[in-house]
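So the sequence shown is numbered by the numbering used here: it starts at 1 and just counts up by one.
Any given hint could turn out to be false.
To be verified - Straight line, CA to CA, 27 Å or less: simulated DSS-like cross-link-like pairs of lysine-lysine:
#1 Lys67 with Lys50
#2 Lys72 with Lys274
#3 Lys72 with Lys149
#4 Lys103 with Lys128
#5 Lys164 with Lys126
#6 Lys265 with Lys307
#7 Lys202 with Lys116
#8 Lys89 with Lys273
#9 Lys116 with Lys35
#10 Lys307 with Lys50
Said to hold, decoys possible - Beta-carbon label-pair distances, calculated as ranges:
#11 Gly65 with Lys274: 33 to 39 Å
#12 Asp277 with Lys164: 29 to 35 Å
#13 Lys202 with Leu147: 22 to 28 Å
#14 Ala92 with Pro231: 53 to 59 Å
Worth flagging that the hints you see were computed from the coordinates, not collected in a lab. Built from N, CA and C at the ideal position, the CB exists for glycine as well.
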Amino acid sequence: MATNQKLQIPVYTYEFMPVEKPQNTLFESKEDIEKRIEELKKHKQEIMQKYIDRIANGELVPKLGNKEFRCKTLYNSGGVTIFKMENIKDEAYDWNFGVERHKIGPNCHVIIDNRKDMQHIAIERKPKAFSSPNIVKNILSETLRPLIKQEGLLIEINPQFHPKDFWDFIDANREYGIKEIRFYFPYPNLPAISDKYGNAMKEIGIDYHCMPGLILFAPDDLDMVLDREDPGLNFWIEAAGESGIPVAIQTKKKGSRIHLVGKNKCVTWPLDKKVLDTLDPQPNKVQQQELKLEFLEEDEKARMQEKITEFVNNGRFIKIGTV
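Go ahead and model the full structure; you've got the sequences and the hints to work with.
Right under this line is the structure:
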């Protein structure tokens with residue numbers, strides 16, 4: 001009996017920071033600018049959704065440099081959008097004792113979860129279409145960044161990394177000891193993160209227009225205590241993993257350099273390939289599909305929505321309501 005193929009899809013987190021600095025100017029007070037920043041924070045995902053919908057509706061074509069990458073939308077409902085992104089390019093093939101070229105258009109799936117307190121992008125790994133999911137991430141970044149910036153926000157898209165990567169490095173270096181650990185976080189961050197790291201950290205991010213951070217430092221005569229069961233430490237590690245900002249660690253080994261945990265790493269989530277195939281019953285057609293799965297029977301529609309929700313819910317390292 002044939003088994004369903006499970007795809008392991010790399011996942012990224014996108015976050016926003018205000019363009020403006022909260023400071024007095026000739027035309028506005030610091031307080032007025034702070035109020036505007038607060039409004040932007042409240043509506044940042046609505047702003048993002050506006051441009052996601054434009055991609056989904058075919059009004060906005062993602063672009064990198066001078067090259068456009070057209071998309072075919074399969075699903076756009078409840079803050080979750082799924083589309084295929086095509087990469088049209090030349091392919092060489094042998095013909096009549098020579099080499100000919102023709103156009104091909106391999107594509108990969110992109111899943112954007114813009115539901116409240118999520119902000120994730122999953123990009124199918126498909127080397128024939130794009131050499132790396134990071135290429136698709138760069139296409140989305142270059143397309144969205146100027147549009148989001150004109151709204152007053154900066155956007156960064158970073159690959160998630162798993163908290164296990166942190167502990168693997170710590171365990172491999174316990175015999176030497178850990179000299180320094182640095183965590184950094186964009187602000188305003190995902191609410192599940194920023195609401196828990198305290199007002200002081202938030203104020204630093206706002207007042208100095210920067211990424212606030214946490215530094216743990218142990219001089220040579222001190223041994224840093226790092227306990228896997230410490231809920232406070234695990235919060236910082238999970239927050240870093242979900243934000244996608246690497247954690248900088250230096251050991252006490254002679255001549256050691258700073259190691260960036262999470263750099264060049266990317267968490268993957270499992271997804272049944274059948275879900276994506278079912279969403280696109282006519283893969284040879286260019287036109288957009290019905291965006292609410294109206295081409296499916298009711299019971300199959302419910303199953304697909306359940307599978308999609310189950311997939312996108314994987315992205316929460318920081319559980320709502322935990323320390």
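Violating hint indices (sorted, rising): none
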